[in-house]
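Full structure from sequences and hints, please.
Those protein sequences? They're chains A and B, same order as listed. In terms of my numbering, the first sequence opens at residue 1 and continues consecutively. In terms of my numbering, the second sequence opens at residue 1001 and continues consecutively.
In case anyone wonders, no lab produced these hints; they're calculated from the structure. The beta-carbon is built from N, C-alpha and C at its ideal position, and this holds for glycine as well. Be aware that one or more of the hints could be misleading.
Stated by the list, open to error - To give a feel for the contact side, a few chain B residues facing chain A, derived at Cβ under 7 Å:
{"no.": "1", "residue": "G1014"}
{"no.": "2", "residue": "T1040"}
{"no.": "3", "residue": "Y1220"}
{"no.": "4", "residue": "G1227"}
{"no.": "5", "residue": "M1228"}
{"no.": "6", "residue": "K1261"}
{"no.": "7", "residue": "N1264"}
{"no.": "8", "residue": "G1270"}
{"no.": "9", "residue": "P1275"}
To be verified - For lysine-lysine, the following DSSO-like pairs were computed, each having C-alpha atoms within a straight-line distance of at most 30 Å:
{"no.": "10", "chain 1": "B", "residue 1": "K1265", "chain 2": "A", "residue 2": "K236"}
{"no.": "11", "chain 1": "A", "residue 1": "K265", "chain 2": "B", "residue 2": "K1236"}
{"no.": "12", "chain 1": "A", "residue 1": "K265", "chain 2": "B", "residue 2": "K1265"}
{"no.": "13", "chain 1": "B", "residue 1": "K1261", "chain 2": "A", "residue 2": "K265"}
{"no.": "14", "chain 1": "B", "residue 1": "K1261", "chain 2": "A", "residue 2": "K167"}
There are 2 protein chains.
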Amino acid sequence: MPFQYNEFYNEQTGLTIGIRRQLFHEKTPYQTVEVFETDTWGNLMTIDGMVMLSEKDEFVYHEMMAHVPMLTHPDPKQVLIIGGGDGGTAREVMKHPGVNHVDMVEIDEAVVRASKLFMPGVGDFDNPKLNVVYENGLEFVKHPVKKYDVIIIDGSDPVGPAVDLFKKEFYEHCHRCLKDDGVLVSQTESPFVESYHDSIRSVQRAISGLFPVSKLYLTYIPLYPTGMWSMSLAGKGRSPLAEDVLNEIDHRTTSFASSLKYYNKEVHAGAFALPGFVRRILE
Amino acid sequence: MPFQYNEFYNEQTGLTIGIRRQLFHEKTPYQTVEVFETDTWGNLMTIDGMVMLSEKDEFVYHEMMAHVPMLTHPDPKQVLIIGGGDGGTAREVMKHPGVNHVDMVEIDEAVVRASKLFMPGVGDFDNPKLNVVYENGLEFVKHPVKKYDVIIIDGSDPVGPAVDLFKKEFYEHCHRCLKDDGVLVSQTESPFVESYHDSIRSVQRAISGLFPVSKLYLTYIPLYPTGMWSMSLAGKGRSPLAEDVLNEIDHRTTSFASSLKYYNKEVHAGAFALPGFVRRILE
Chain A
1 MPFQYNEFYN EQTGLTIGIR RQLFHEKTPY QTVEVFETDT WGNLMTIDGM VMLSEKDEFV
61 YHEMMAHVPM LTHPDPKQVL IIGGGDGGTA REVMKHPGVN HVDMVEIDEA VVRASKLFMP
121 GVGDFDNPKL NVVYENGLEF VKHPVKKYDV IIIDGSDPVG PAVDLFKKEF YEHCHRCLKD
181 DGVLVSQTES PFVESYHDSI RSVQRAISGL FPVSKLYLTY IPLYPTGMWS MSLAGKGRSP
241 LAEDVLNEID HRTTSFASSL KYYNKEVHAG AFALPGFVRR ILE
Chain B
1001 MPFQYNEFYN EQTGLTIGIR RQLFHEKTPY QTVEVFETDT WGNLMTIDGM VMLSEKDEFV
1061 YHEMMAHVPM LTHPDPKQVL IIGGGDGGTA REVMKHPGVN HVDMVEIDEA VVRASKLFMP
1121 GVGDFDNPKL NVVYENGLEF VKHPVKKYDV IIIDGSDPVG PAVDLFKKEF YEHCHRCLKD
1181 DGVLVSQTES PFVESYHDSI RSVQRAISGL FPVSKLYLTY IPLYPTGMWS MSLAGKGRSP
1241 LAEDVLNEID HRTTSFASSL KYYNKEVHAG AFALPGFVRR ILE
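Below is the structure:
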């Protein structure tokens, strides 16, 4: 292990990953984007020193960010992704045969460039259904040109350029950008890290004030702090746990089920089971 | 952060925890037992350099090891714990009002001593229902003096003294020690770590050959490698997902529900939802 990558998610606890070499380093107008080659996790992307994804573990995050809202919606055709510049969330969304168009609004073109260069298996950037826009996510939803069936907010942690994605104003604009059956998902950090509780509560309060359906769900991300990550789902139509939703999952994922490494019907339902300490964060 | 504790769960990936000072260090005939004081996680116990528990996160592991099998059994009175020297699993088991007696068979008295001294809130060692035996777990189940309703195998990783707890012979003896409705649970490492897959498969094959019910379930443990941990459940009677089991959970946990920080009915059911890549380990 010639080098070590260290991320401390609080002053006292951190993740250490052995790296072979640095493949990409760019200080952009927004943040510092880096890619490292590792023995264990494939290539690893960090933003401002925080792990975003590795080639080996990205399937969990991207499947859980994409398929939970996509299956909650009865028939999503138009999808908006805010952030997600590595391309993994868009790749999973476009597996659904009914999808016509995906707008991916990424503030920092360096993230897309680094992913294309050093994580070529993550994105599906040549797919003609994908339209990449380099713009601030908040500005985009303030002046949308159309309405969407699903919005996925795949931003980084609530420091730097992603801080707006945890504010009430942003969700008000998203609500207006969603059609009648619209579903929205946002990543909302780890419930095990006390300093993240305000971010979770802030998003949950914003969406529960705007949408008839608002829920938190959890997934395992091995390279994110504590390994437990939360995602916040809001919807104008049916609940992600509605019998119809669960009954449709096998059928609607048939054409790409063999490509899934994480998501399935049981995982969809089980992800909404919240431990007591997580429920109490939301009270 | 004057010192750092580092655990590498493979050669390349590790956990780093800032420590204030070492409180306990003993090289016993079996292993090296240490306790550290930390800022973030309270006191932290390691065995042979691997995190066993911290005061802050132990509730997850102990609630999930104890209550899933206890609720799967219709009326557990006699419980055997193999390992578990910190006392946390026994503490959770003894919350069930119907329990008459718990035999805890810990090979290394230093673990119990360190826990009593430096993690006084973890164990409930003064409870008259608890009988602590310092003996090898395999030897104990070879010559049991009685039969049990529930057996919980709360050993450390499959290196050192716990290696027997992952072998078929051990489960054959456990099967004989269990009464007709008996339920057994064993911790079986992280599915995200490839070098652990053999341990998971080995235990799952052993129990599925012996018991009519055998299942894997998952829980989040923030200080264990990757944050995802598996537990293997085997039973002679009802499935942990039987309608009767789920319907009884709220009622049977009423007297201690306010003490639970993790376990509840939804978490019990949701823990058995296995991602595709975990299912494939078991194929």
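Verification of the supplied hints:
Hint on B/G1014 holds. Least Cβ distance to chain A is approximately 4 Å, under the 7 Å limit. A cut of 7 Å between beta carbons decides the hint on B/T1040: the least distance to chain A is about 4 Å, and the hint holds. A distance limit of 7 Å between C-beta atoms decides the matter here; for B/Y1220 the minimum to chain A is near 4 Å, and the interface restraint holds. With a cut of 7 Å, the hint placing B/G1227 at the interface with chain A holds, because the nearest CB-to-CB distance is about 1 Å.
At a threshold of 7 Å, the smallest CB-CB gap from B/M1228 to chain A is about 4 Å, leaving the interface hint in force. Taking 7 Å as the C-beta contact cut-off toward chain A, the hint placing B/K1261 at the interface holds, the least distance being around 5 Å. For B/N1264, the interface hint holds, the least distance from its beta-carbon to any beta-carbon of chain A being 6 Å, beneath 7 Å. Hint status for B/G1270: holds, given a least beta-carbon distance of 3 Å to chain A, under 7 Å.
At about 4 Å, the closest approach between the beta carbon of B/P1275 and any beta carbon in chain A falls short of 7 Å, and the interface hint on this residue holds. Between B/K1265 and A/K236, the direct Cα distance comes to roughly 27 Å. Compliance with the 30 Å bound is thereby established for this hinted pair. For the given pair, A/K265 sits about 27 Å from B/K1236 by alpha-carbon distance, which is consistent with the 30 Å threshold. A hinted pair counts as satisfied when its Cα atoms are at most 30 Å apart, and A/K265 with B/K1265 qualifies at roughly 19 Å.
Under the criterion of a C-alpha separation no larger than 30 Å, the hint pairing B/K1261 with A/K265 is consistent with the structure, at around 26 Å. For a cut-off of 30 Å, the pair hint linking B/K1261 to A/K167 stands: about 29 Å separates their Cα positions.
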